[in-house]
Amino acid sequence: MTQTVSRSPWLVFTDLDGTLLDHDSYTWQPAAAWLARLAEAGIAVIPTTSKTRQELLSLRDDLGLEATPFIAENGAVIGLPASWQHARLDRDPAAPDGLIVKTPSLDIGFIRRRLAVLRDRLDVRFRGMGELSLDTICELTALSADKARQALAREGSEPLIWDDDEAALARFRRALESDGLRLTRGGRFWHVMGAVDKGQAVRWLVERYTALRGTTPGTVGLGDGPNDISLLEAVDHPILVRGKHGATVNVATEVPLFRTRQPGPEGWAEGIADWWRTRWDTSPREGTAR
Numbered sequence: 031m032t033q034t035v036s037r038s039p040w041l042v043f044t045d046l047d048g049t050l051l052d053h054d055s056y057t058w059q060p061a062a063a064w065l066a067r068l069a070e071a072g073i074a075v076i077p078t079t080s081k082t083r084q085e086l087l088s089l090r091d092d093l094g095l096e097a098t099p100f101i102a103e104n105g106a107v108i109g110l111p112a113s114w115q116h117a118r119l120d121r122d123p124a125a126p127d128g129l130i131v132k133t134p135s136l137d138i139g140f141i142r143r144r145l146a147v148l149r150d151r152l153d154v155r156f157r158g159m160g161e162l163s164l165d166t167i168c169e170l171t172a173l174s175a176d177k178a179r180q181a182l183a184r185e186g187s188e189p190l191i192w193d194d195d196e197a198a199l200a201r202f203r204r205a206l207e208s209d210g211l212r213l214t215r216g217g218r219f220w221h222v223m224g225a226v227d228k229g230q231a232v233r234w235l236v237e238r239y240t241a242l243r244g245t246t247p248g249t250v251g252l253g254d255g256p257n258d259i260s261l262l263e264a265v266d267h268p269i270l271v272r273g274k275h276g277a278t279v280n281v282a283t284e285v286p287l288f289r290t291r292q293p294g295p296e297g298w299a300e301g302i303a304d305w306w307r308t309r310w311d312t313s314p315r316e317g318t319a320r
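Per the numbering used here, the sequence shown starts with residue 31, numbered consecutively.
Keep in mind the hints are simulated off the structure, nothing from the lab. There are no misleading hints in this set.
Label pairs and their calculated CB-CB ranges:
| # | residue 1 | residue 2 | range |
| --- | --- | --- | --- |
| 1 | S163 | E196 | 21 to 31 Å |
| 2 | S208 | A71 | 43 to 53 Å |
| 3 | A146 | T246 | 40 to 50 Å |
| 4 | A63 | V147 | 42 to 52 Å |
| 5 | E207 | L242 | 29 to 39 Å |
| 6 | R179 | L242 | 29 to 39 Å |
| 7 | A117 | T246 | 18 to 28 Å |
We treat Cβ as the ideally placed atom computed from N, Cα and C, and that holds for glycine.
Based on the sequences and whatever the hints tell you, model everything.
What follows is the structure, given as structure tokens:
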């Protein structure tokens with residue numbers, strides 16, 4: 031017998047590369063049916079990614095997510111569409127498409143200057159994305175030249191290729207923290223930003239939703255990499271999508287963590303289907319939970 035459950039509002043926060051988007055091809059078609067179903071149910075899907083604002087402005091249209099907020103550059107940039115803006119504090123008639131962007135992190139210029147200083151002081155080896163040629167970025171990411179230019183439009187974080195050993199990485203991390211900077215690992219790059227992360231941005235948007243609508247939403251989070259840990263630890267229903275990067279992802283959460291069997295958008299659809307069944311009926315669960 032199906033159990034009737036009250037449908038309180040929910041928000042779905044999702045990583046993109048390696049989660050909603052395939053790690054290699056960037057396709058999301060295996061998740062398209064669930065994206066449409068969530069839209070029909072009025073459940074906002076909020077990209078929560080290391081991608082830049084410029085990358086997201088076109089991608090969110092392709093995904094049908096132009097009416098929802100986004101979290102870019104691992105929490106360094108937050109985009110608010112008109113329906114998520116405070117009438118007195120946020121609205122800017124001159125903003126393109128009514129979008130307001132918050133930048134809680136440090137400026138990219140400051141971050142790059144500090145990285146140059148630390149590289150010389152610590153004698154460590156790495157390459158920042160801003161130092162790479164367009165051809166190199168295309169080769170590393172399999173992005174087109176136009177998409178790679180969008181990836182270069184950083185505002186509050188700098189991706190790195192680490193060319194040194196683990197001991198040097200530990201020294202580098204400690205020096206960054208002393209400078210008020212944070213280091214996190216994504217699927218392809220290390221990322222340096224201010225004292226922000228995806229989890230902080232998730233909590234900020236939940237607070238904004240609550241203030242505007244007078245009710246606190248339930249939250250689902252999906253991610254596949256170490257830079258998604260704070261996201262998964264900030265939500266009510268965390269889903270760890272099987273990754274292709276080989277990095278360890280240790281999530282500390284008091285609620286069950288669902289681990290998908292499939293990677294990428296197939297795993298994303300698997301995780302959302304499991305959550306949907308868990309919330310709206312009592313059908314047996316698939317996949318594995320911890």
